[in-house]
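Protein chains: 2
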Amino acid sequence: MLDSCRGLIAALALSMATTAAAETPNRAQLAGAVKADHAATVKRLQEWIALPTIAAEKLNVAQGAEHMRRLALDAGFQQVKIIPTAGVPGVFATLDAGARDCVGIYFMYDVKQYDPAEWTSPPLEARIVDRPGEGRAIVGRGAVNQKGPETAFLAALHAFKATGRKVPVNVVLVAEGEEEIGSPNFKQVIANPEVLPALSRCIGVFIPGAGQSSTGSASVELGAKGIVELQLIASGDKWGRGPSKDVHSSLMASVDSPAWRLVKALDTLVGDDGHTPAVAGWFEHVKPLNQRQRTLIAEAAAKDNEADVMRGLGLKKWIADEDFTTAMLRLASQPTINIQGLVSGYMGPGGKTVLPGRAEAKIDLRLVPDMTKDDAVAKLKAHLAKHGFGDIEVNVSGGYDPTQTAEDSLLIRTQKAVLDQAGIAFAVEPRMAGSWPGVVFTGLPLNLPAGGFGIGRGSGAHAPNEWYLIESSNPKIAGIDEAAMFYVDYLYEVAAEAKRGR
Amino acid sequence: MLDSCRGLIAALALSMATTAAAETPNRAQLAGAVKADHAATVKRLQEWIALPTIAAEKLNVAQGAEHMRRLALDAGFQQVKIIPTAGVPGVFATLDAGARDCVGIYFMYDVKQYDPAEWTSPPLEARIVDRPGEGRAIVGRGAVNQKGPETAFLAALHAFKATGRKVPVNVVLVAEGEEEIGSPNFKQVIANPEVLPALSRCIGVFIPGAGQSSTGSASVELGAKGIVELQLIASGDKWGRGPSKDVHSSLMASVDSPAWRLVKALDTLVGDDGHTPAVAGWFEHVKPLNQRQRTLIAEAAAKDNEADVMRGLGLKKWIADEDFTTAMLRLASQPTINIQGLVSGYMGPGGKTVLPGRAEAKIDLRLVPDMTKDDAVAKLKAHLAKHGFGDIEVNVSGGYDPTQTAEDSLLIRTQKAVLDQAGIAFAVEPRMAGSWPGVVFTGLPLNLPAGGFGIGRGSGAHAPNEWYLIESSNPKIAGIDEAAMFYVDYLYEVAAEAKRGR
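The listed protein sequences correspond, in order, to chains A and B. Reading the first sequence from the start, the letters are residues 1270 to 1771 in my numbering. Reading the second sequence from the start, the letters are residues 1270 to 1771 in my numbering.
These are computed hints drawn from the structure, not numbers from a lab. Please note that the accuracy of each hint is not assured.
Identical copies go unnamed one by one, so any copy, or any two together, can satisfy a pair.
Straight-line C-alpha distance at most 35 Å; calculated DSBU-like pairs for lysine-lysine [said to hold, decoys possible]:
#1 Lys1642 / Lys1514
#2 Lys1556 / Lys1621
#3 Lys1655 / Lys1685
#4 Lys1350 / Lys1745
All of these numbers come straight from a predicted model, not from anything done at the bench.
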């Protein structure tokens, strides 16, 4: 996913069952079907990995959408449509099981770019390799992000189809092919006059994920920060002062410097502590964590291994020498203005006597409820103008609002219930510090619960040698068949719980 | 030269003759010898260009020194020694003509790196090409910086040798092979127990140069700013806060940011105007321009074409909307703290969600008399420490003090005189805003007048297609033969003037 940052802080609160769980009828038969279909499932995943859709490169756009359409049809969706957008098309599918209730599924069918030279096996070959101590894994671009977990979900539907059993809830699938470039057109898919009413009937939406840690713990996600990615650019051209290109550095005596201008503008954005946002009104819409959120975070911090976390980050101290719990509360609760990178003038070894005509800071803003992307960008621009830096370009390259789902929503209740039923320890994460565009579901006009969900294991999203576990040697961790059966169980749980308590 | 920035502001004051000039005895015979030797001179330059010494790459270090030694011996120096240093060796040569007076010559035998792919003809082939409107030029690395002008000077000595005439003054040559990396060991050459006394007997030192503009005007240089090149580096490792590597940007909420730390530290270095140095004590040793310096600069500005200068720089306004004269006074008089480049985190297109573990600003300080490199670096470090930024690394990669020569010194008087004698308009430049390491001569222990000097024309130092004019089609501009004869005339002028007025 674009920026999900799952597993960033390993295993938060591991809470145990509180609600009763449904029983899956004919479970042995369905499990047998999943097992019988194992080779076909793996082949389905391998063929999908072999066809990478890469939105940034316009690679396999039409082919990827068509392949997604075929995958949905084969899994039992009766109606599948390709939804054109201004960019890569979406895919919309409905499986009408004649059930009372409906669950929404979000797929991404695109993948991140890759450099085959960095891989130990060809990234499109999807080889099955041994992972000592873990089992057998498939290695390929998209293996865990997100084709593997999505294939596990499709395998669940194939089991219903193979056994002639009815899926216990109706299913609406919306898939997009440009998640990796920030979902710039996904709202167009949602707004489609067939898609919107179909989704609005669902109890919520989830994206299949492989969320188990190395110890087998899973997570239930209640939300994530929003993000705005932007570049601040000072230049002689826009400023009307300083040079329009790099000139000899001796001119610094008489010529204004866009690099210094950027430094002076940046300096106004955070406080003297080097992190607290100082943009006027930045905290206006920041909703403090409630007691339940604070408790979940504090409990998770108490159970986590702070030393391991810090070692993983190459970190000696948290901000302001705060303790681990405070640092984790900050992580969930605070909006940020981060410098991703600085670019100006000469950037090679040593020095070079130039006065650069242009300087750029790459920035990301993380937003917490109830901040919005539009308001944050407007406040940033107003702040720059007020401080006399109206010439500095604010180039917004992507982003979306924060997403939040109520813990007592049916979607979350059923997720907890099925994890309990399976005996899988899990953390309830009140808010990921990372971001995903869940607001397209949780925001207007849908206002649906939404989040990632699933068991199984993998890693290496956006990195070389991305992998997803096919067969697990640890009984606490799911391979692809167990992940599929978990979704079977989950669909029954939704049907039962919805019937009981909706 | 490393950072000479000659011709930055075109043609400053063009002042005319004030002192009487000596007459060159047997000038026609010497000129005939230069002309007769033309093909050999050009071949000498071509062979030299074919052997590039590049200190940064340790390329042709021993071969370059040996070649320099042979060039000096062939030109008539009776004693030539290679002087070992901690880096690339220097070359020391003496031509004892039995004269009363002595002039010092500084050569660099190294050149800047080059990428043949960027050149229209191979950079080591030194082809002779037509330059429409200018004449015939040699194209190659080192053509103008500095092997062409140096070859012109050697051609003058060859003419004395060929005609059996005595050189009218003794000549001491010091050559270095690492000028392009900032002359890190040249003081060792000067301090050599044979070199120091030989140089101390000279009236001054000059480096041959091709200083004529497109209109034929030349310059007499009285000084140049000093320079310190350094990198300021903020890092989690040195700071003990923030990550030791790039981590996920969502962590900005709880983890200190070396990039913001660098911004906060940089912000303290210059005032709110974005250029005036704000380091404590920075102006303590700044000597204001005297009336003569101000007059020379104002006169030059009055004669220059401000619009052309600004267009060349891509500039719409000088600092603080000042007029041209004020901007030129600033250029000569003000010390600067310039950002050459900014380097941190992700620097490709768009953005990437990282919080960088390291951020670097590439800085140069320009120093005016009586500032010194050591004092400036000490003040910068003290300033950072006082503002709580003692963890920021100050990595000094090169530099030297400013250089200044008295206008009434024998070296400068004779330069003006010979230019007048030749009818060449020239500017007296009180202080170049750029820098060269002349302080090694003008400072302790030698305290000699020093500067670049010569006629002829070329361009492209450090750039592709560097060129030097061999035959000029403009009678006001010297080719290599005329440049050689100019040095012949100059050596007679030094002898006569020294005799008259020392």
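Verification of the hints:
Taking the shortest alpha-carbon separations for lysine 1642 and lysine 1514, both the intra-copy value of 33 Å and the inter-copy value of 29 Å come in at or below 35 Å. Taking the shortest alpha-carbon separations for lysine 1556 and lysine 1621, only the inter-copy value of 27 Å comes in at or below 35 Å, while the best intra-copy value is 48 Å. In this homomeric assembly, lysine 1655 and lysine 1685 never come within 35 Å of each other (Cα to Cα): the closest approach is 49 Å inside a single copy and 55 Å across copies. With identical chains, the CA atoms of lysine 1350 and lysine 1745 are never at most 35 Å apart, being 38 Å at best within one copy and 79 Å at best between copies.
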